[in-house]
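Engineer: With our numbering applied, the sequence shown corresponds to residues 3 to 478, in that order.
These are calculated hints, taken from the structure and not from any lab test. Treat the hints with care, since some could be wrong.
[To be verified] Listed below are the simulated DSSO-like cross-link pairs for lysine-lysine, each with C-alpha atoms no more than 27 Å apart in a straight line:
{"hint": "1", "residue 1": "LYS403", "residue 2": "LYS334"}
{"hint": "2", "residue 1": "LYS400", "residue 2": "LYS334"}
{"hint": "3", "residue 1": "LYS334", "residue 2": "LYS27"}
{"hint": "4", "residue 1": "LYS44", "residue 2": "LYS27"}
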Amino acid sequence: MSPDTLRADENSVAEDRGYRNSLTKIEPYGIEHIPDVERHGKPRSQFFLWFAAGMNFPIVVLGFSATYFGLPFWAAALAIVLAGVTSSAGMGYLSQMGVRLGVPQQMQGRGPLGFIGNLFPVAYVNVFAGIGWAAVTVILGGQAIALLTDIPFWLSSLILMGIQLGVAVIGYNLIHFLQRILSFVLVIGFIFITIVAAANGRIESDFNPAAKGFDGVGGWIIFFGWFFSFIVAWMPFASDYSRYLPNTPGNRRGAGWATMLGNFITLVWMGILGTLLGTTTTASDSIGALKELMGPWAAVGLGVVALSSFTQNFLNVYGGAISIQTMGVPVKRHTAVIFICIASYLVAQWGQTGFNEGFTAFLNLTAYWIAPYVAVLVCDYLFGGRRTERGLRELFDKSRKFEWGFVAWAAGVILSSPFWMSSIYTGPIAAAFPQIGDLSYYVGAAVAAAVYFATHRRQRLSGHATLDRTPAGQTL
Numbered sequence: 003m004s005p006d007t008l009r010a011d012e013n014s015v016a017e018d019r020g021y022r023n024s025l026t027k028i029e030p031y032g033i034e035h036i037p038d039v040e041r042h043g044k045p046r047s048q049f050f051l052w053f054a055a056g057m058n059f060p061i062v063v064l065g066f067s068a069t070y071f072g073l074p075f076w077a078a079a080l081a082i083v084l085a086g087v088t089s090s091a092g093m094g095y096l097s098q099m100g101v102r103l104g105v106p107q108q109m110q111g112r113g114p115l116g117f118i119g120n121l122f123p124v125a126y127v128n129v130f131a132g133i134g135w136a137a138v139t140v141i142l143g144g145q146a147i148a149l150l151t152d153i154p155f156w157l158s159s160l161i162l163m164g165i166q167l168g169v170a171v172i173g174y175n176l177i178h179f180l181q182r183i184l185s186f187v188l189v190i191g192f193i194f195i196t197i198v199a200a201a202n203g204r205i206e207s208d209f210n211p212a213a214k215g216f217d218g219v220g221g222w223i224i225f226f227g228w229f230f231s232f233i234v235a236w237m238p239f240a241s242d243y244s245r246y247l248p249n250t251p252g253n254r255r256g257a258g259w260a261t262m263l264g265n266f267i268t269l270v271w272m273g274i275l276g277t278l279l280g281t282t283t284t285a286s287d288s289i290g291a292l293k294e295l296m297g298p299w300a301a302v303g304l305g306v307v308a309l310s311s312f313t314q315n316f317l318n319v320y321g322g323a324i325s326i327q328t329m330g331v332p333v334k335r336h337t338a339v340i341f342i343c344i345a346s347y348l349v350a351q352w353g354q355t356g357f358n359e360g361f362t363a364f365l366n367l368t369a370y371w372i373a374p375y376v377a378v379l380v381c382d383y384l385f386g387g388r389r390t391e392r393g394l395r396e397l398f399d400k401s402r403k404f405e406w407g408f409v410a411w412a413a414g415v416i417l418s419s420p421f422w423m424s425s426i427y428t429g430p431i432a433a434a435f436p437q438i439g440d441l442s443y444y445v446g447a448a449v450a451a452a453v454y455f456a457t458h459r460r461q462r463l464s465g466h467a468t469l470d471r472t473p474a475g476q477t478l
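Whenever a hint applies, use it, and build me the whole structure from the sequences.
Structural biologist: The structure is reproduced here in structure tokens:
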């Protein structure tokens with residue numbers, strides 16, 4: 003069957019299932035293209051969704067590490083702001099892609115990589131970014147509840163995961179609705195925490211060479227990279243939450259700006275809050291530091307952290323389920339949600355000790371694979387003819403096993419590995435020159451883009467004809 007007449011069993015063009023604005027109906031769509039009749043919502047929904055997701059304690063944990071590197075406040079704040087601008091702009095553009103194409107982000111990877119080629123990064127993203135991120139947030143929220151109520155961690159984390167499972171099963175509309183409400187609730191709580199931190203914190207104006215992780219400029223680059231990679235880790239899911247918006251130029255622009263601002267504001271705010279938190283207490287972990295800082299108001303601070311775990315994990319669990327479907331596993335979206343929740347809960351029980359070191363190692367390894375993947379997706383969207391009817395239908399054609407984009411992605415991962423800097427693995431270049439910091443993300447993305455441009459006009463590996471790349475052919 004030719005791509006022009008393709009109607010895959012995954013339904014590249016899904017029928018009208020009457021979902022619309024329902025908050026109680028279980029979302030009937032998974033990885034299918036969202037038909038025009040089901041498109042709904044406003045671009046501002048993207049701001050509230052990502053603003054709520056970013057008002058979360060993992061970013062505070064990253065800011066807390068500024069003292070480990072011996073960074074003064076101004077240097078830490080500069081790194082956070084620069085990382086926020088660059089990474090949030092990327093998220094905004096990927097959100098626009100969801101409005102135009104109407105399919106999840108990882109489904110878009112089938113275009114340049116092929117069906118089998120896309121399995122490799124998606125399987126990794128599914129395991130590490132879906133299950134892993136959900137576990138990270140459950141650990142922080144569960145620890146906060148355990149400190150607040152003295153109930154055991156296994157029970158507090160089970161309560162959190164149960165609520166998150168219920169919301170993620172119902173799906174897209176309920177997630178957007180709750181994120182909007184939680185945005186207003188959490189902003190009050192974090193303003194209170196910020197006021198307390200600002201009143202008790204110290205502004206360190208000089209580098210601290212005696213700090214355990216002090217490495218001059220290299221430490222600043224690593225610190226910058228952690229914040230940059232935090233947003234990068236979200237990039238394979240950006241389109242998942244914008245694909246229902248009506249495909250108009252205004253909605254694309256609006257979704258891009260709203261996504262960018264939602265991510266940027268909270269990354270900078272939570273990151274600087276963490277930097278202040280690290281200077282105020284003697285506790286070695288961020289949750290303990292928050293409890294010490296808040297004093298008699300500790301219950302308020304821990305309650306805010308527990309509540310904030312929902313805003314991120316609604317997205318983690320939902321995105322992980324989309325990953326499973328993208329891999330071609332024949333399950334419904336809500337069934338995949340249940341699997342992700344069970345796996346995340348088990349990982350949280352295993353990974354609750356030694357959390358900070360494990361969190362940053364996980365964050366690095368996730369971004370090492372995602373940065374070249376995103377580079378290939380964007381190149382294909384801009385220059386590969388993906389914005390055509392045939393380009394959209396190709397995403398559901400499983401006969402295309404491998405394409406040149408897989409070679410570009412693999413080259414980006416492999417050739418960046420000498421620059422990896424992690425507690426799990428440190429590459430030879432990073433080990434020999436630690437003063438240059440972690441450059442893996444940038445090397446991986448640059449290599450992937452270079453290989454893409456060197457190969458994208460060659461005969462396709464699948465043998466299919468190339469897509470229409472002319473401006474007139476971009477019909478979506």
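Engineer: Next step is simple, just say for each hint if it's right about the structure.
Structural biologist: Now the hints, each set against the structure:
Distance check on the hinted pair: LYS403 and LYS334 sit about 23 Å apart at the alpha-carbon level, within 27 Å; holds. A C-alpha spacing of about 18 Å is found between LYS400 and LYS334, which places the hinted pair at or below 27 Å, so the restraint holds. At most 27 Å may separate the alpha-carbon atoms for a hinted pair to count; LYS334 and LYS27 meet this at roughly 15 Å. A threshold of 27 Å between alpha carbons decides the hint, and for LYS44 with LYS27 the separation of about 20 Å falls inside it, so the pair holds.
Going through the hint list in order, the structure satisfies each hint without exception.
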